[in-house]
Structures are given as C-alpha cells and as structure tokens.
Amino acid sequence: TSAYSSPAKSLGDPGITPLSPSHIVKDSDADNAVEQLFLVVVAIDFGTTSSGYAYSFTKEPECIHVMRRWEGGDPGVSNQKTPTTILLTPERRFHSFGYAARDFYHDLDPTESKHWLYFEKFKMKLHTTGNLTMETDLIAANGKKVKALDIFAYALQFFKEQALKELSDQGGSDFENTEVRWVITVPAIWKQPAKQFMRQAAYKAGMASPENPEQLIIALEPEAASIYCRKLRLHQMIDLSSRAPVNGYSPSDTIGTGFTQAKEHVRRNRQSRTFMVENVIGEIWSELEEGDRYIVVDSGGGTVDMTVHQIRLPEGHLKELYKATGGPYGSLGVDYEFEKLLCKIFGEDFIEQFKIKRPAAWVDLMIAFESRKRAAAPDRTNPLNITLPFSFIDYYKKFRGHSVEHALRKSNVDFVKWSSQGMLRMSPDAMNALFKPTIDQIVQHLSDVFDKPEVTNVKFLFLVGGFAESPLLQQAVQSAFGSRCRVIIPQDVGLTILKGAVLFGLDPAVIKVRRSPLTYGVGVLNRFVEGKHPPEKLLIKDGTRWCTDVFDKFISADQSVALGETVTRSYTPAKPSQLVIVINIYSSEQDNVSFITESGVKKCGTLRLDLTGTDASVPNRREIKTLMQFGDTEIKAMAIDVATSKSVKVGIDFLNY
1 TSAYSSPAKS
11 LGDPGITPLS
21 PSHIVKDSDA
31 DNAVEQLFLV
41 VVAIDFGTTS
51 SGYAYSFTKE
61 PECIHVMRRW
71 EGGDPGVSNQ
81 KTPTTILLTP
91 ERRFHSFGYA
101 ARDFYHDLDP
111 TESKHWLYFE
121 KFKMKLHTTG
131 NLTMETDLIA
141 ANGKKVKALD
151 IFAYALQFFK
161 EQALKELSDQ
171 GGSDFENTEV
181 RWVITVPAIW
191 KQPAKQFMRQ
201 AAYKAGMASP
211 ENPEQLIIAL
221 EPEAASIYCR
231 KLRLHQMIDL
241 SSRAPVNGYS
251 PSDTIGTGFT
261 QAKEHVRRNR
271 QSRTFMVENV
281 IGEIWSELEE
291 GDRYIVVDSG
301 GGTVDMTVHQ
311 IRLPEGHLKE
321 LYKATGGPYG
331 SLGVDYEFEK
341 LLCKIFGEDF
351 IEQFKIKRPA
361 AWVDLMIAFE
371 SRKRAAAPDR
381 TNPLNITLPF
391 SFIDYYKKFR
401 GHSVEHALRK
411 SNVDFVKWSS
421 QGMLRMSPDA
431 MNALFKPTID
441 QIVQHLSDVF
451 DKPEVTNVKF
461 LFLVGGFAES
471 PLLQQAVQSA
481 FGSRCRVIIP
491 QDVGLTILKG
501 AVLFGLDPAV
511 IKVRRSPLTY
521 GVGVLNRFVE
531 GKHPPEKLLI
541 KDGTRWCTDV
551 FDKFISADQS
561 VALGETVTRS
571 YTPAKPSQLV
581 IVINIYSSEQ
591 DNVSFITESG
601 VKKCGTLRLD
611 LTGTDASVPN
621 RREIKTLMQF
631 GDTEIKAMAI
641 DVATSKSVKV
651 GIDFLNY
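For the sequence shown, my numbering gives the first residue as 1, with consecutive numbering after it.
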C-alpha cells in the first residue's frame with residue numbers, strides 16, 4: 001500500500017457511487033413554507049465596538065423603534081448604541097454589559113479589579129480564529145480564559161432581556177419570547193463556523209432553539225444595509241459626489257456642515273426614537289433600472305465588508321453579484337496605530353505593563369482617544385488634545401524614574417507635544433497618520449473589487465457602518481471612486497444596519513440570490529479508470545476496481561444559489577447488499593476539488609441511513625437520493641431511500657467535526 005492511506009480504506013467505509021446521470025432538481029415547494037406569525041421583529045446589531053437593538057411590530061412595519069437611551073455615555077460620542085463590553089464577577093457570573101460594565105469595572109479598586117473578568121472588542125475573535133469550535137476561549141483583561149460561547153450567550157441574553165422588558169413596558173403586559181422573531185447581524189465575510197457559532201450562542205441565550213430555528217435569522221450586515229438604503233429619500237442622505245448642493249449646501253461644505261446639520265436634524269428628532277420608513281422605493285432607488293449594480297461598503301469597528309448587489313425588477317429583489325469580501329480594516333486599526341505611537345514614545349515594555357497593572361486607566365485613555373478620533377477631519381488645523389489619566393503619569397514616573405514630559409521631549413516623534421494641562425497634544429497630521437494605514441487598506445481593497453469583471457458599471461457606492469461617520473474615510477473613498485460612481489452616505493449612518501436588519505426580519509424573502517461561500521459535495525467511489533485516476537486511490541472490492549475518496553460536487557464556491565434552493569443527486573450503494581449507508585458531506589474554499597483528501601477539504605456532516613429491517617425485495621440498484629437545501633446561513637442535507645422512502649436529515653455543522 002502507498003504511504004498515503006485513504007480514509008475510505010482505513011474506515012472500511014462501504015461507500016456509495018453516483019447513479020448516472022446525476023441531475024439537479026429545483027424544488028418548487030420551497031416557497032410554501034409555513035410562515036410563523038410573530039408579533040414583533042427585534043434586530044440586534046452585535047458590533048465589535050458597539051451594539052444595539054431596534055424593533056418593529058409586524059402590524060405597523062413602517063415604524064422602526066430604536067432601543068431606549070442607555071445610562072452612561074461618553075463625551076464627544078453621541079450614540080444610540082452601547083459599547084460591546086461585558087463584565088463577569090470573580091465567580092464568572094454575568095454582572096453587567098455596556099457602559100454599566102465599563103463604569104463598574106473602572107470604579108473597582110485595583111486590588112479587586114484584577115479578580116473581575118472584563119471583555120471588550122471580543123467579537124473579532126470569531127473572525128480571527130482559524131479553527132473555531134464550541135470550546136474556543138476568550139481572554140479577559142486580567143488574562144483569565146472564559147469560553148467564547150458563554151460570553152456571546154451572556155451578551156445576547158442581556159439584549160434579549162432588555163428588549164423584552166422594553167416591549168413589555170411599552171405594551172403594558174408581559175411580552176413572551178415566542179412572540180418575537182430575532183435577527184442578529186454578522187459580517188458577510190465571516191466564515192461559516194463563525195455564523196453557526198452565533199446561532200449556537202443565541203440558542204444558548206434562549207432566543208430560539210434547534211427545534212424552532214425559524215425564530216432566529218442570521219442576517220449579513222451589508223445585506224441589511226442594502227435593504228435600508230433602498231428606502232432612502234434624498235433628505236435622509238448625503239451625496240458626496242453631487243456637484244449640485246445637497247439640501248442647499250455646496251459640496252465643499254458638505255463633508256463638514258452637511259453632517260453637522262444632519263446631526264442637528266437627527267438630534268432634534270432624537271426625543272422620538274421611532275424612524276418612519278416610507279413604504280416606497282426611495283428617490284435614489286427610482287433611478288436604478290433592472291440589472292443596475294451598486295456596492296455596499298460596511299465599515300465598522302472590527303471589519304469592513306463589501307458586497308456587490310444587482311437589482312431585479314419588478315419587485316426590486318436583490319441579487320448578490322460578487323461574493324462578499326473585505327477584512328479586518330475597521331476603525332480598531334486606528335486605535336492600534338495609536339497604541340503603536342504610545343509604545344514608540346513611552347516604550348513597549350511600559351505600555352504592556354501599564355495595560356496589565358492599570359487596566360481601568362488604559363480603558364480610560366482609549367475612551368479619551370475615541371472622542372478625539374471622532375474629531376479628526378481632513379481640513380482640521382488646530383491640534384487635538386488627549387488627556388492622560390493621572391495614573392498613567394504617576395505609573396510612568398515610578399516605572400522609568402523620569403516624567404512623561406521628559407519622554408515626549410526625548411522621543412523623536414515630531415507631531416506629538418506635551419501641553420502644560422497634562423495632555424498629549426497631537427497635530428492634525430499626526431492624527432491623520434493614525435488613520436492612514438486602515439483607510440489605505442479599505443481603498444486598496446475596493447480598487448481590487450472594482451477591477452473584477454463582475455463589478456463593471458457600478459452606479460452607486462453606499463458607505464455605511466460606524467466608521468463611515470469619519471470625514472477622513474468619506475473623503476478618501478470619494479476622491480478614489482467619485483469619478484466611477486456616486487458615493488452615498490445615509491444620514492444616521494451608524495444605525496443603517498440595525499434598521500435594515502429589522503426590515504429584513506419583516507420580509508426575509510427580499511434577498512433572492514446569494515453566492516455560495518464554499519464548495520460542497522459528498523465522498524463517493526467511482527469506477528477506476530486507468531490513466532485518469534491516481535493509482536494510490538485504487539480499491540478492489542468483490543472484483544470491481546473502484547477509485548476512492550472522490551469529491552462529488554453539489555455546488556461550487558461562488559456559484560449563485562437562490563435562497564431555499566435544493567440540489568439533488570442520486571447514489572447507489574457500491575455493494576448491493578449493503579444495509580447501512582453512510583454519506584459524508586465535505587466542504588472546501590477551493591472551486592475545483594477532485595478528492596476529499598486534498599488540503600482544505602473539511603468534513604461538515606454525516607448522513608447515516610440504516611435500511612436494516614426494510615423489505616428485501618428491493619431493486620438490485622437501490623437509489624439513494626441526497627438533497628442539500630441552501631437556507632439563509634444554514635444548510636440542511638437529507639438522504640432518502642427511494643424504494644422505501646426511509647429518510648434521514650442533518651444540518652451542516654462546521655463546529656463539531
């Protein structure tokens with residue numbers, strides 16, 4: 001035998017072989033699914049840096065209510081959302097979330113605080129972990145480990161309770177979880193395991209259950225944004241590319257004043273947290289014709305993802321033209337550059353120690369930076385002052401034996417000075433330099449997307465997400481792409497995804513076609529063909545020569561899949577007398593996969609059909625139909641023995657194999 005042992009041989013897996021010709025059957029009954037009746041749709045935008053929820057009653061879908069104002073809040077950051085921070089007690093029980101968690105942690109005495117478990121910006125872990133499982137850990141600020149699934153479930157449970165409480169207070173009677181359809185948004189570029197992980201965490205939080213999965217929809221962030229952008233009226237957005245005045249401002253004013261005025265307008269309406277979504281197609285949308293294309297760039301705290309959509313009339317359904325792409329280019333990159341700058345001035349050894357020994361003061365420093373970060377603008381001339389916490393100044397003196405001021409004078413960083421009021425004074429150039437690496441990556445990535453053949457003739461670019469509020473990012477995108485398409489920013493840009501997710505929950509059928517992120521198939525035996533098949537795959541069984549480990553494809557990566565579409569293949573047992581039929585399902589990010597043993601092929605499901613005890617008078621070539629149905633972010637597989645209609649079902653699982 002070759003040194004390379006094949007799974008089929010080692011498992012003694014009896015195997016199946018395709019019945020030719022293999023065919024695809026489109027399932028037409030998929031649309032007649034029984035719609036459950038929910039009284040309200042609640043969408044949760046679980047962000048890297050901040051989170052929030054919004055809801056709408058199914059009786060009045062044109063009103064979207066954004067969650068009530070949170071206690072706390074930061075200077076210079078007006079926001080309906082709350083920071084994605086969570087605090088557990090030293091006994092690892094949930095204590096608080098958001099501003100409450102941050103402030104409580106901050107007020108603890110340092111001797112106590114080191115026993116408490118504080119987490120922030122933990123959502124990125126799902127994006128960056130290569131082999132995510134139910135056991136993956138997160139690391140708290142004090143270095144202790146906690147299961148990621150627990151943290152995510154605590155956070156979702158917190159939102160669930162907040163939302164149900166608000167709904168009950170509003171309706172005057174207790175609201176039951178069964179009356180709610182939940183929508184949770186995730187980045188489109190997340191891999192399947194991360195999307196499944198979010199669903200598992202929601203089950204753990206009691207939002208829905210494996211028996212009732214329809215109660216929870218996992219929505220993709222740029223798709224949600226796209227659905228909301230379709231409803232925009234001209235007064236609800238800023239068109240960076242129009243040479244004509246928008247709302248009566250000329251373009252040079254627009255980036256600054258358009259936003260200030262828009263913010264004023266929003267602030268005046270803040271008292272009411274209800275947004276009316278007119279049941280019309282927005283004006284901008286009415287300019288789009290059948291087949292028109294637009295890009296949604298969703299730039300948040302952790303990731304930036306881009307989706308190219310095409311309009312299909314008359315209903316205006318969306319079709320995804322090019323698979324979601326992007327990467328970790330969110331506004332966190334700017335915080336990271338700031339941290340690098342501090343390391344350059346004060347020394348990496350000091351910053352590392354400071355973060356561990358004074359975690360609450362480090363959080364303080366980053367809050368101070370956050371509000372100045374939001375004041376950065378292309379045309380700013382006056383410096384930005386960042387207050388250093390007293391314990392930073394104090395600890396530095398103890399650590400180094402000289403003052404912070406001395407360190408600044410000694411460091412060769414030109415644009416950062418010490419001001420006598422105890423602040424770091426950054427020139428606008430220094431601040432803009434912190435943004436540059438992140439913004440350059442976004443622009444570069446967008447250029448690559450624009451160069452793809454599927455992405456010619458894009459009419460609009462919608463810039464959404466929290467980072468889209470940054471005038472520096474707006475200007476960079478406008479100057480790079482303004483000549484190719486119109487760059488549009490919705491007014492309340494940080495809430496775009498939240499509102500779109502509510503609309504998606506009210507009408508999930510609006511997205512019709514997606515691109516499959518992976519190639520799916522099953523492992524089969526084929527008749528061995530000399531010269532075509534590699535000799536090490538030869539398996540001789542009962543005198544028949546088989547080629548093992550063949551990957552029989554159901555759907556290729558990047559192929560269009562209509563939601564709810566079913567792909568069917570027929571197989572027959574390689575050995576007619578076989579009564580237990582095992583079908584293994586595999587996935588790969590590659591398009592052209594020939595064998596299940598190739599690198600990058602992962603097992604993600606098993607269908608075990610036991611036909612013992614069925615009638616023996618079965619045709620000598622038994623037909624086993626295998627179906628895969630492509631749902632919102634889940635995929636279901638099923639095998640049916642045609643002769644006896646015995647069947648078995650399984651959900652594709654990326655976390656437990």
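Mixed in with the good hints, there may be bad ones.
[Claimed, not checked] If you anchor each label on the Cβ, the simulated ranges turn out as follows:
| hint | residue 1 | residue 2 | range |
| --- | --- | --- | --- |
| 1 | 656 | 378 | 46 to 56 Å |
| 2 | 590 | 143 | 30 to 40 Å |
| 3 | 420 | 39 | 56 to 66 Å |
| 4 | 656 | 576 | 28 to 38 Å |
| 5 | 92 | 580 | 27 to 37 Å |
| 6 | 532 | 447 | 37 to 47 Å |
| 7 | 134 | 89 | 20 to 30 Å |
| 8 | 130 | 204 | 15 to 25 Å |
| 9 | 580 | 656 | 37 to 47 Å |
| 10 | 179 | 422 | 28 to 38 Å |
| 11 | 444 | 172 | 45 to 55 Å |
| 12 | 124 | 590 | 17 to 27 Å |
| 13 | 602 | 124 | 37 to 47 Å |
| 14 | 402 | 130 | 49 to 59 Å |
[What the hints assert, rightly or not] Under the rule of at most 20 Å between Cα atoms (straight-line distance), these lysine-lysine pairs were calculated in the PhoX-like manner:
| hint | residue 1 | residue 2 |
| --- | --- | --- |
| 15 | 357 | 417 |
| 16 | 575 | 541 |
| 17 | 398 | 344 |
| 18 | 191 | 646 |
| 19 | 649 | 553 |
| 20 | 191 | 649 |
| 21 | 114 | 147 |
| 22 | 436 | 397 |
| 23 | 319 | 114 |
| 24 | 147 | 125 |
| 25 | 459 | 319 |
| 26 | 410 | 340 |
| 27 | 125 | 144 |
| 28 | 165 | 147 |
| 29 | 646 | 625 |
| 30 | 340 | 452 |
| 31 | 145 | 340 |
| 32 | 344 | 145 |
| 33 | 575 | 602 |
| 34 | 532 | 553 |
| 35 | 398 | 355 |
| 36 | 575 | 459 |
No wet-lab data here; the hints were simulated from the structure.
Since the structure is predicted, the reported quantities are computational estimates derived from the model, not experimental observations.
Every residue gets a Cβ at the ideal spot worked out from N, C-alpha and C, and that includes glycine.
Outcome of the hint check:
1. 656 with 378: 46 to 56 Å: At 49 Å between Cβs, range holds.
2. 590 with 143: 30 to 40 Å: holds (38 Å)
3. 420 with 39: 56 to 66 Å: holds (60 Å)
4. 656 with 576: 28 to 38 Å: With Cβ atoms ~33 Å apart, the hint holds.
5. 92 with 580: 27 to 37 Å: At roughly 44 Å between Cβ atoms, residue 580 and residue 92 fall outside 27 to 37 Å, so the hint is violated.
6. 532 with 447: 37 to 47 Å: holds (42 Å)
7. 134 with 89: 20 to 30 Å: About 23 Å separates the Cβ atoms of residue 134 and residue 89, which means 20 to 30 Å holds.
8. 130 with 204: 15 to 25 Å: About 23 Å separates the Cβ atoms of residue 130 and residue 204, which means 15 to 25 Å holds.
9. 580 with 656: 37 to 47 Å: Given about 21 Å between the Cβ atoms, the range is violated.
10. 179 with 422: 28 to 38 Å: violated (53 Å)
11. 444 with 172: 45 to 55 Å: holds (54 Å)
12. 124 with 590: 17 to 27 Å: holds (26 Å)
13. 602 with 124: 37 to 47 Å: Cβ of residue 602 to Cβ of residue 124: about 22 Å, so the range 37 to 47 Å is violated.
14. 402 with 130: 49 to 59 Å: For residue 130 against residue 402, whose Cβ atoms are near 43 Å apart, the range 49 to 59 Å is violated.
15. 357 with 417: violated (26 Å)
16. 575 with 541: holds (9 Å)
17. 398 with 344: Roughly 19 Å separates the two Cα atoms, so the pair holds.
18. 191 with 646: violated (33 Å)
19. 649 with 553: holds (19 Å)
20. 191 with 649: Violated, at about 23 Å.
21. 114 with 147: OK: residue 114 and residue 147 at ~19 Å, within 20 Å.
22. 436 with 397: violated (32 Å)
23. 319 with 114: violated (50 Å)
24. 147 with 125: Holds, at about 12 Å.
25. 459 with 319: The hint holds at about 15 Å.
26. 410 with 340: holds (17 Å)
27. 125 with 144: holds (15 Å)
28. 165 with 147: violated (27 Å)
29. 646 with 625: holds (11 Å)
30. 340 with 452: Cα-Cα ~35 Å, so violated.
31. 145 with 340: violated (25 Å)
32. 344 with 145: Since the Cα atoms of residue 344 and residue 145 sit roughly 29 Å apart, the hinted pair is violated (cutoff 20 Å).
33. 575 with 602: Status violated; Cα separation ~26 Å.
34. 532 with 553: holds (18 Å)
35. 398 with 355: holds (15 Å)
36. 575 with 459: violated (57 Å)
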